[in-house]
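Sequence lines, in order, name chains Z and E.
Mapping to numbering that gives the first Met the number 0: the first sequence position 134 is 133, numbers consecutive.
Mapping to numbering that gives the first Met the number 0: the second sequence position 156 is 155, numbers consecutive.
Keep in mind that a hint or two might mislead.
In silico BS3-like pairs for lysine-lysine, Cα to Cα no more than 25 Å straight-line [claimed, not checked]:
id	chain 1	residue 1	chain 2	residue 2
1	E	LYS6	E	LYS129
2	E	LYS327	Z	LYS214
3	E	LYS349	E	LYS327
4	E	LYS238	E	LYS349
5	E	LYS349	Z	LYS214
6	E	LYS329	Z	LYS214
7	E	LYS459	Z	LYS47
Please keep in mind that the hints were generated in silico from the structure rather than gathered at the bench.
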Amino acid sequence: MSSASRSVLLALAMVGGGHPVLGLPAATVEQDFRGFQRRPPPVIEETKAAYDGRFTFMRLRYGAADLRMMRREPPWAHDYPRADFHFMKILSELTLTRTFDDQGNIRTLDDPDMALFPVAYMSEPGFWTLAEAEAAGLRAYLQKGGFIIFDDFRENHRDNLVRQMRQVLPEARWVPIEATHPIFHSFFEINSLDIEGFYGQAEWTGIFEDNDPGKRLLAVANYNHDLGELWEFSETGYLPVDLTNEAYKFGVNYVMYAMTH
Amino acid sequence: MFDALFKVFFELSPVVFSQGEFRFAASTGSYVAAVVVLVAIGLTVAAYRSGRGRARDRAALAVIRVALLALILVCLFRPLLVVKAAVAQQNFLGVLLDDSRSMQIADYNGQPRSAFIKDELSAPTAGLLKALSDRFTVRTFRFSSAPSRTLEPGALTYGGSQTRLGAALSGVRQELAGLPVAGLVMVSDGADTADAALGDALLGLKAEGLPVFTVGVGQEQLSKDIQVGRITTPKTALKGTTLMVDVVLSQSGFDGQPVTLDVEDEGTLVSTQQVTLPDAGTPASIPVRFTVSEAGPRVLRFRVSPQQGELVTENNAREALIDVRDRKEKILYFEGEPRFEMKFIGRAVKDDGNLILTVLQRTADNKYLRLGVDTPEELAAGFPKTREELFAYRGLILGSIEAGAFTGDQLRMIAEFVDRRGGGLLTLGGPRAFAEGGYAGTAVADVLPVVLDRARVQAKDTVSRLTVKPTRAGSATAVTQLAANEAASAERWNTLPGITAVNRVDAVKPGATVLLTGTDEARAERPLLAFQRYGRGKAFSFLPQDSWIWQMHASIPVEDMTHENYWRQLLRSIVDDVPEQVEPSLTSERVEPGEAATLVANVVDPSFVELNDAVVTATITGPDGQITDLTMSWDGEHAGQYTAAVPTKAPGWYEAKLEATRAGKTVGSTVTHFRAAPGEAEFFDATRHAATLRRIADETGGRYYDAAGTATLADDLRYTGRGVTTVEEHELWHMPIVLMLLVGLLCAEWGYRRVVGLA
Numbered sequence: 000m001s002s003a004s005r006s007v008l009l010a011l012a013m014v015g016g017g018h019p020v021l022g023l024p025a026a027t028v029e030q031d032f033r034g035f036q037r038r039p040p041p042v043i044e045e046t047k048a049a050y051d052g053r054f055t056f057m058r059l060r061y062g063a064a065d066l067r068m069m070r071r072e073p074p075w076a077h078d079y080p081r082a083d084f085h086f087m088k089i090l091s092e093l094t095l096t097r098t099f100d101d102q103g104n105i106r107t108l109d110d111p112d113m114a115l116f117p118v119a120y121m122s123e124p125g126f127w128t129l130a131e132a133e134a135a136g137l138r139a140y141l142q143k144g145g146f147i148i149f150d151d152f153r154e155n156h157r158d159n160l161v162r163q164m165r166q167v168l169p170e171a172r173w174v175p176i177e178a179t180h181p182i183f184h185s186f187f188e189i190n191s192l193d194i195e196g197f198y199g200q201a202e203w204t205g206i207f208e209d210n211d212p213g214k215r216l217l218a219v220a221n222y223n224h225d226l227g228e229l230w231e232f233s234e235t236g237y238l239p240v241d242l243t244n245e246a247y248k249f250g251v252n253y254v255m256y257a258m259t260h
Numbered sequence: 000m001f002d003a004l005f006k007v008f009f010e011l012s013p014v015v016f017s018q019g020e021f022r023f024a025a026s027t028g029s030y031v032a033a034v035v036v037l038v039a040i041g042l043t044v045a046a047y048r049s050g051r052g053r054a055r056d057r058a059a060l061a062v063i064r065v066a067l068l069a070l071i072l073v074c075l076f077r078p079l080l081v082v083k084a085a086v087a088q089q090n091f092l093g094v095l096l097d098d099s100r101s102m103q104i105a106d107y108n109g110q111p112r113s114a115f116i117k118d119e120l121s122a123p124t125a126g127l128l129k130a131l132s133d134r135f136t137v138r139t140f141r142f143s144s145a146p147s148r149t150l151e152p153g154a155l156t157y158g159g160s161q162t163r164l165g166a167a168l169s170g171v172r173q174e175l176a177g178l179p180v181a182g183l184v185m186v187s188d189g190a191d192t193a194d195a196a197l198g199d200a201l202l203g204l205k206a207e208g209l210p211v212f213t214v215g216v217g218q219e220q221l222s223k224d225i226q227v228g229r230i231t232t233p234k235t236a237l238k239g240t241t242l243m244v245d246v247v248l249s250q251s252g253f254d255g256q257p258v259t260l261d262v263e264d265e266g267t268l269v270s271t272q273q274v275t276l277p278d279a280g281t282p283a284s285i286p287v288r289f290t291v292s293e294a295g296p297r298v299l300r301f302r303v304s305p306q307q308g309e310l311v312t313e314n315n316a317r318e319a320l321i322d323v324r325d326r327k328e329k330i331l332y333f334e335g336e337p338r339f340e341m342k343f344i345g346r347a348v349k350d351d352g353n354l355i356l357t358v359l360q361r362t363a364d365n366k367y368l369r370l371g372v373d374t375p376e377e378l379a380a381g382f383p384k385t386r387e388e389l390f391a392y393r394g395l396i397l398g399s400i401e402a403g404a405f406t407g408d409q410l411r412m413i414a415e416f417v418d419r420r421g422g423g424l425l426t427l428g429g430p431r432a433f434a435e436g437g438y439a440g441t442a443v444a445d446v447l448p449v450v451l452d453r454a455r456v457q458a459k460d461t462v463s464r465l466t467v468k469p470t471r472a473g474s475a476t477a478v479t480q481l482a483a484n485e486a487a488s489a490e491r492w493n494t495l496p497g498i499t500a501v502n503r504v505d506a507v508k509p510g511a512t513v514l515l516t517g518t519d520e521a522r523a524e525r526p527l528l529a530f531q532r533y534g535r536g537k538a539f540s541f542l543p544q545d546s547w548i549w550q551m552h553a554s555i556p557v558e559d560m561t562h563e564n565y566w567r568q569l570l571r572s573i574v575d576d577v578p579e580q581v582e583p584s585l586t587s588e589r590v591e592p593g594e595a596a597t598l599v600a601n602v603v604d605p606s607f608v609e610l611n612d613a614v615v616t617a618t619i620t621g622p623d624g625q626i627t628d629l630t631m632s633w634d635g636e637h638a639g640q641y642t643a644a645v646p647t648k649a650p651g652w653y654e655a656k657l658e659a660t661r662a663g664k665t666v667g668s669t670v671t672h673f674r675a676a677p678g679e680a681e682f683f684d685a686t687r688h689a690a691t692l693r694r695i696a697d698e699t700g701g702r703y704y705d706a707a708g709t710a711t712l713a714d715d716l717r718y719t720g721r722g723v724t725t726v727e728e729h730e731l732w733h734m735p736i737v738l739m740l741l742v743g744l745l746c747a748e749w750g751y752r753r754v755v756g757l758a
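Input sequences plus hints: build the corresponding full structure.
Here it is as structure tokens:
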């Protein structure tokens, strides 16, 4: 086991030590469709971090704002808030990044303050719908230097992601990202992408600035994978440690890359 | 006028009095008469002690009477002025005629200044020359950069591109050495363009007792003129750098008139702006912004179009020489924590072909990410541990990295990077920077332009939200210019979104300049960008932690280049003028064709310690392609300084490639340029400089004359006391002033008596 992996495990132990926001009562858990125990859809507390120079994860909200008709959490909120908090905790423990620890940061794509958080995360882009103002907001965000992570999608969800991103950046092309790309070496050395993802064989694709693989990555998509799910349950022991470990490595590398490239 | 009046009262010219010796030629009768007068004075005093009238009136009348008797007594003693006068035709006289271009200026009664020489000195029968020739053997010299004998003053061309008064005087003094010389006459406008001080030349004349009589031609103020005055440009600049240059404009006769100020780079217009001329006598400094986009030696020309009625149009343009270098300046950026500031600074300058940002990013304890390194070994061991390694960079940026991350020697190295190596240091705000990062009291704190106060360290996560604006100095500096002109730049600063700072700095060092300030939520203002020179280099401090907001903020359009321009300008500024291991300089970037340029090279080793045992060669390529090799020699006075005189022939650019070797190994090499071309200095400040001419005359014992008042010059020259002389005695008792005083005193006594009723 590499020292970096040991570091992740050590950090995982710290996450498991209990987070005040995450310490939900055991009676609330139930089984989900995969047989995992999980809590019923929480009432989403949509907080926005007050920018003060620290880094925080920005989870993008899309679709209907009114959640009353929904049976379960909306797709954008999948794994929120525990995945977000866990990841921030891991990031601050493993790296010297100063992070918000106890504050969610949910914003829509037309929120002018999303510019203050240059790393965005979108869960389940297969359900992503996009208004013109939102497309314009994300376009400017990416062109000016922002970075977006698409997570938790599978099967034909990719078609929707491609379709929606075409509204954002009409000329952009999704291309596979090789394991040699700096994003996989910005903190942890991820030398192989031959990984069984959450939903099957994982694939990593991205959009490069000016469609030039030599330039900056604007977006990365984890097809057939669900880093957020792995982050969310990392302190429960329900999921294999190695898989969780790898999920954090990807997340940390994504943020390190976004902060340095 | 004064001289004529003086002569009416005193019969003699002031020169005779100044050169003469006052004596009495009393005879025996004088002493007898003196006794009589003294008795008369005694009787006067006794008579006025009592009698009619008030005591005050009697005292006044006694004084008048005694003064009258005393004056008679002085006259009885035969006062004389004894003066040495030159014997006619037995003495030489050096006449120096200004042959420079400024003599073409037409402000002498509507004619060129040279008309005075033509009228008065060009022919043997001409007024002044004839008067001089009647008394002396005249030797005529023309001068501009150096004097030369001329037999035909009428053949002067007035084409000299320099006026070196001191060199001319010294030259003629030496030329006439050994001859009986009564003095020198210098006809000039006094506009000295020499670099050397006049004092040395005057010292020689004073030591020899050789008086100089100066004649000033031209007006002390031109009626209608616009002048582009002093311009200070850097000697070198990086290609693509935007420069901000202050152009000083002065004028007479064009108060408040709008004119166009253009900047041309080798004939290509690179800036133009409308300016309103200042009031006469009040020079105005106009900031001009332009970009040097072509590499190589460049002539920049700052020009105001000639206006109708201007007497001198040549001074409407001034040239500056600048060596535009197209090279890659390497800057090391050490960032102590992952944050967006590094990313966006890197993005801002990535398309700048002349800046290379090498990043050492600490991502975790003892874990570093290296970006932009040239070799796998570069920075592999972290921040440089030797001076040679650190001094290879020309700029250094310290991000949010605490002082504790460095060893004591590394902190001293950073200070020496600025002080000794002459590099540029930029410290950025962040939780681990400045006093919050523990820098107070370290060697680095001495270098910084801001004062670090341990007592005012900000609490963790204390953030100030700031609106930023440039100071007066910032408005006039290229670093903080965000638009094409000052007004547009100020407007851009006003509309930029606010940013934050976690460091608190309230004071800057005495020698520091604040370029940007920030106003916090409590409306308190504090410095945000400051710089100072320190040793050979300079240090900048930029306090905010997130200038990247100027790129990302929703109010900033995608195509906006404010953030990019700001950082390019700032990073170019920190590596501006950073010395090489072989650093060239010239005493002047322009010399007159035919003159020698003095080339200077400062040579240091990789740790920037001066080398006195290097072999330094200069390969000179002239404008005609001719190549000359010169060996430069250590000057023996300054550590590491080597000099050589480079002769010039044809006008044009000369390239000097300098190479230093030591023990067979190359220390470094560099290229510089200079130009051989006639200067336009003659037309700047080209009014008559009477003060200079007066100083020459006063310090040497001569006299200054306006061109219109030279009637007494020839006579005055007779009394310099030099050469072959004869002694003249001038009786003074019969001067008109004596008679006037006698009559005046008598009238005064009578009048006083009438007034007080004692008549």
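Against the structure, the hints come out as follows:
At roughly 22 Å between alpha-carbon atoms, LYS6(E) and LYS129(E) fall within 25 Å of each other, so this suggested pair holds. Between LYS327(E) and LYS214(Z) the alpha-carbon distance is near 21 Å, which keeps this suggested pair within the 25 Å criterion. This hinted pair checks out: LYS349(E) and LYS327(E) have alpha carbons roughly 12 Å apart, not beyond 25 Å. Of the pairs offered as hints, the one joining LYS238(E) and LYS349(E) holds, with about 15 Å between alpha carbons and a cut-off of 25 Å not exceeded.
Between the alpha carbons of LYS349(E) and LYS214(Z) the distance comes to roughly 11 Å, so the proposed pair stays at or under 25 Å and holds. Under the criterion of a C-alpha separation no larger than 25 Å, the hint pairing LYS329(E) with LYS214(Z) is consistent with the structure, at around 21 Å. About 21 Å separates the Cα atoms of LYS459(E) and LYS47(Z), which keeps this hinted pair within 25 Å; it holds.
Checked against the numbered hints given earlier, the structure satisfies every one of them.
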